[in-house]
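*Asks:* For the protein sequence lines, the chains are A and B, in the order given.
Numbering of the first sequence is given in this note's numbering, commencing with residue 14 and proceeding in unit increments.
Numbering of the second sequence is given in this note's numbering, commencing with residue 1259 and proceeding in unit increments.
These are calculated hints, taken from the structure and not from any lab test.
Among the clues, some could well be false.
[Unchecked claim] Distance condition first, Cα-Cα at most 27 Å in a straight line; then the derived DSS-like pairs of lysine-lysine: (1) K1297(B) x K77(A); (2) K137(A) x K1262(B); (3) K1297(B) x K1310(B); (4) K1297(B) x K137(A); (5) K1262(B) x K77(A).
[To be verified] Pulled a few chain A residues facing chain B out of the computed Cβ check, cut under 7 Å: (6) F39; (7) A43; (8) D45; (9) E72; (10) G74; (11) R138.
Where is the CB? At the ideal position from N, CA and C, for every residue including glycine.
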Amino acid sequence: MVIGPDIVLDLVFARGRDARSAVMLFDAIAADTAAGVTSRRAYVAPTTVTEVYAIVLHEAGVGKARQVTWRLLDLVQVAPAGKSEYQEAVSLSSDWELAEALQFVACRSVGAQYLVTNEDFGVKRAPVLRRSAAEMLPLFRRHATAEDRTGQG
Amino acid sequence: MPVKRPKNLLLDVGVLQYGEAYATYHGTTLSQLVEDFLKSLPSITEPTYEVKSVAVWELYGAAVVTPEDAAQQREILERWRRRRGRRGKA
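Start from the sequences and build out the full structure, keeping to the hints where you can.
*Replies:* Okay, structure coming up:
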């Protein structure tokens, strides 16, 4: 999965009820990391890191921005984005903002099934499958159960 | 589009004045501020959830600051940017 910046911001700004789902999602990701589960890695697009840093910097200062970014990177991988990914995003971005397009490209480049976000990008169908943090949680439970049964968990 | 309806609220005058000024400063309305606050209240029907991971515990609400602290941070940031701008021109 690729996690959108809005989910990270829900978590760090404790934004209402969405924060609860974000906490549970990141807790599940942390449990995966601790258990060495590699079958469902969590990624963010590179622009998500800079976006979250910039917003937290603006609202809460440089110390918090660094702390949040550091901790976020403990939990998620950053999807690689080189020349070809940026070119692909630019070719998409007449319909979407570049940062949004880079999230879609990140999904493709890391082979993610879902973009975890509450954004609808102003369209009925985005180029990738979108899921909210709450919608992702059953997938973790299902996988955990299956891995427990096969002794891999 | 959610349906909205008017509601009278009895508020302390000082609180009301600060709320209006805060809303204007942030380009929003008092109604929106009240709505955002009410939406942020924890659910009373869902069971409480205890954060398990230290990293997530540190991230949760890490950027929440008081409006006064946020304004101060923005001022510091602005001063830093101005100083950096002057250095760039020299």
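*Asks:* Starting from the hint list further up, note which numbers the structure goes against and sort them upward.
*Replies:* Violated: hints 5, 8 and 11.
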